[in-house]
Amino acid sequence: MNSATPDTTAVTSDGFPYAGSNISLRERAYRIRRHALRMGEVQGQGYIAQALGIADVLAVSYFRALRYRPDDVRWEGRDRFLLSIGHYAIALYAALIEAGILPESESETYGTDGSRLPMSGMAAYTPGMEITGGSLGHGVGIAVGMALGLKRKKSDAFVYTLFSDGELNEGAIWEGVMGAAHWRLDNLIGIVDVNDQQADGPSSAMSSREPLHERFRAFGWHTQRVDGNDIDAVAAAFDAARAAEVAAPRIVICDTRMAKGVPFLEAREHNHFLRVEADEWQQAIALLDAIFSGKTS
Amino acid sequence: MSHAQPTAAAPKKRLTTSAMIASIAAPGQRTTPAPFGNALVALAGSNPDIVGLTADLAKYTDLHVFAKAFPDRFYQMGMAEQLLMAAAAGLAREGALPFVTTYAVFAARRAYDFICMAIAEEKLNVKIVCALPGLTSGYGPSHQATEDIAIFRGMPNLTIIDPADALEIEQAVPAIAAHDGPVYMRLLRGNVPLVLDEYGYRFEIGKAKALRGGNDVLLVATGLATMRALQAAEMLEKDKIGVEVLHAATIKPLDLDTIIAAAGKGGRLVVVAENHTVVGGLGEAVAAGLLRAGIAPRFRQIGLPDEFLAAGALPTLHDRYGISAEAMARQIRAWL
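Heads up: the sequence lines are chains A and B, in that order. Under the numbering used here, the first residue of the first sequence is numbered 1, with each subsequent residue one higher. Under the numbering used here, the first residue of the second sequence is numbered 1, with each subsequent residue one higher.
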């Protein structure tokens, strides 16, 4: 499969650019993973396991859920997608490439001097990167302000904010969770990537996280929890989050598997910052291709 | 000018701490009520983008005046300063012009990362206006932001303003609203002394202005220390000591051109006075600027000591820590 295959879909008038696309979400996710692996190879190490794990969620986000215009990333009518977890930038760059916002050729510059694609996401560097994330704990609070700001403007756009289970350690997340519920921000959709990994080890071994579904519900959020690597389940949850007729913020808790899609990387422990040998990157891409095309499993 | 700060002699009756925000006005001094809140309301009438946010401190930052006038443009975020700053950043991203209030201690200490990364790094138009700067509360270190300027001076993109009186606050509100970028402004609230109207003063961001002349001492001051510096200069004048008072309301970017020109004139003692620790504030900013310019006058600092300060009554504390008018005059006499 050649990931540079041109997409035949025209930008639709209502701002869902790939609504009528002939390319499946599963294929989008595969291609996002492929873009991420190629960027990972440039650095030789990094946050590739997170990127592979969240690829299905990003495929649903950019090819089903979000309104935006690939050729006008500041379009006022767009849904805002905030990457609170700045180190997941490699994953978002992959999605932005697949979405036609960034040229695929630029993936060769990932994390290099002068690149628009720094290791940790920054708004000023990259088209389509809404905020500077990376100081973890900011994404929900900023989303609260943007959701309030959109309501002031009587905009019907949504704010999506992607944060992680490790990030739930930060008290500021919970300030934002309470604030969003207090202001009944039904235009705010949170996505938590629960992959049970953070810098020093498993998230579940570091801080009491569960029961996450009950917690968000108790905080007043419209709450769903899905297998974040089941792309149909993610799509259904994103649809429901958007459609729910409740005056409350919405959360989709996504349980994902680190390095999903490349079995020999999935098997590695302590994969928050993954070191991959030079010859393994092409093996990983070949394996990804083979699994997608059904030649292996 | 009248003033009623206690002298060095111990008062007969022990002064009380008073409210959390004790008044800094001397009895009989002319004051203006809630200059920040009223100026913001006046401006917001013609600027619909202005919104107000606070973290359970509307009443104590004079933002309640705005909240009452524009309830649908006021966001009470609860006692959550990190959310306060992040949400202000989000609102600014969507075209609003947020004025955010809390106490200076909470902005500087608790919300620093959120001001730094969510607001300053992205050059967002958020105006952070904070009560209880320096030593303006008798509640002790939990409420005394003695190091807020030192903390904020290291933050790129951030403009820092320390107004001296009610007139300056009124003029600073539209000025910082018009300024493109984030601003941190120290706030005097409640009945705020009115002093600078007698000097024909006009606030401009980034400009230090001479309020009075004098041949013996150049006294560079900011914030409420400027008010005290003017009083000290009058006391010293009676002793035939001439003091020029140069008011630097903008700490960053600092008007070094004006300060260097003044410090280079006539071999005067240069003193910097501020309602802030002597570490990392206006004093050290001026000292570094003069040294970089190759100017090395006799130089002294009036400011709060590098320690956690005591609780108590403000007049007692201002005298003890050297920022009452009498204490300033005493220190300057001793240096001459």
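It should be emphasised that the hints constitute simulated quantities derived from the structure, not laboratory data. There's no promise every hint is true.
Which residues of chain A face chain B? A partial, calculated answer using Cβ under 8 angstroms [said to hold, decoys possible]:
1) Ala123
2) Pro127
3) Val144
4) Ala172
Backbone N, C-alpha and C define an ideal beta-carbon position, used for all residues, glycine too.
Taking the hints in turn, this is what the structure says about them:
no.	hint	result
1	Ala123	6 angstroms, holds
2	Pro127	15 angstroms, violated
3	Val144	5 angstroms, holds
4	Ala172	4 angstroms, holds
Violated hint for the displayed structure: number 2, the only one.
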